[in-house]
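Residues per chain are reported as follows:
There are 2 protein chains.
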Amino acid sequence: MAIRSGRWRGPSGGKVPECVVCNLVVLPKSLAYDFLLYCVRNPKACPILEVTDPGNPEPARIAPGADLRTDLARYAVYRDGAREADLTDIRSLWRDDSVAFLLGSSLTFDHALERAGVTPSKEVWVLNTKIPTAPAGVFHGPLVVTMRWMTAAQAVIASQLTGRFAANHGAPIHLGDPSEIGADLESPIFGEPVRSIPRGVMPVFWACGVTPQRAAIEAKIPLMIAHAPGHGFISDLKADRICIP
Amino acid sequence: MAIRSGRWRGPSGGKVPECVVCNLVVLPKSLAYDFLLYCVRNPKACPILEVTDPGNPEPARIAPGADLRTDLARYAVYRDGAREADLTDIRSLWRDDSVAFLLGSSLTFDHALERAGVTPSKEVWVLNTKIPTAPAGVFHGPLVVTMRWMTAAQAVIASQLTGRFAANHGAPIHLGDPSEIGADLESPIFGEPVRSIPRGVMPVFWACGVTPQRAAIEAKIPLMIAHAPGHGFISDLKADRICIP
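Protein sequences appear in the order of chains A and B.
What the first sequence shows, in my numbering, is residues 6 to 250, in sequence order.
What the second sequence shows, in my numbering, is residues 6 to 250, in sequence order.
Hints in this document: simulated from the structure, not taken from any laboratory.
Treat the numbers as computed from the prediction; the structure is a model and nothing was measured.
Please note that the accuracy of each hint is not assured.
Put simply, identical chains are the same to the list, so a pair is met inside one copy or across any two.
[Unchecked claim] As a list, the in silico DMTMM-like pairs of lysine to aspartate or glutamate whose alpha-carbon atoms are at most 20 Å apart: (1) K20 to D245; (2) K20 to D58; (3) K34 to D72; (4) K34 to D102.
Please build the complete structure, drawing on both the sequences and the hints.
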């Protein structure tokens, strides 16, 4: 309600730490099968938490009463694969055949890492890799990852702990040398360029929710709406409830 | 190859215990979105392991070189929701727009239970319940479950162990009193009627791969092909490889 009324326009990370934060992708129904299959084929990058019925902006399963057209603080809008100015309300772009996909986000496990005493780098980098995703229909492209660094002992704990959050990208896809996955630390998608990894810590890489945006952009579809990075949808779903025991 | 050449026409359980056995559903592309979404919304009953591209009968991700038109020992064929005579080859029914879905099967975790010293009832019953599945498009219907019984101590081990096989129906959906989920023991879909549960054992219920067949039957679609019960597709995927560590 704070977001819907405009009282909160900032990032969603840490605002409601016990609830699952979601990445959003809105596409026309005609592209929904290809995109759903892309998510199914790439479950670490695109863990599906809800798919709305065409034209219905209410994610009734994980946030009854919410409206995905107004309840995110900032939306990214892509036309023909190019990003336009962000919006704070997408009612004017919503159509009778719009389908919204809500995907798990690693913002959810950051809180769990904190509770487990894992203290990664303050910054979270978003990086391109050279790992191809499994294509589906028009959607394809490289895996995008997040990078945090921590001690090796913490990397072991983080691997076990995030492995239980299968709906939020799950276990890391890589530990250690960034060049093994073609991660380009000097030109991150998000975050400051990294010249060198500090001594005593190990970079840990997770599949990232920007991957489906990247694939949708590569497909140059006429209109795709997504959450603006950092500004996810806060669901009613308890993070610990969907953690695998 | 033994199945393709006709040398093996029997059930698939236990034949290649280290590999994942799959339930099969073949539908026309026009119904593929609804069915894929039905699977996504009901992941315990319909864990998706592969979706083939329209017209291509090769499950290239989990069994390269296989042909889903010839490599199952027996196929069930449904027209307008009614089951016809089983086939041992579906090449004559395969179309340019046929999409095959391979879903995890509990035959995979039976072997893991055995290795863990869990000795359930020799028989596995398939039962209707009164638990509704989450509908998607034309697909809807009650959850179908498998029932095994075992000691309470074994039920705890089985709950933990099968919870790790998320792609093969995962943890039980219920333990104990069958009436709580509306499971009808006197008229099973598969197995002998059960008059009473023996003393000292507890019934344990898992979501079952017959659920999507039931939903597809309820949708009365013109043509659906599935595996005949017990005669799943044996993939190359190692069961322990997709088990969550």
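If the cutoff is 20 Å on CA atoms, where do K20 and D245 land: within, between, both or neither? Let me know, please.
within (16 Å within a copy, 38 Å between copies)
At most 20 Å between C-alpha atoms: does K34 with D102 qualify within a copy, between copies, both, or neither?
Both: 5 Å inside a copy, 19 Å across copies.
Homo-oligomer pair classification [D58, K20; C-alpha up to 20 Å]
neither (28 Å within a copy, 41 Å between copies)
Go through the copies and call it for K34 and D72: within, between, both or neither, with a Cα cutoff of 20 Å.
within (18 Å within a copy, 31 Å between copies)
Against the hints set out earlier in the document, a violation occurs for number 2 only.
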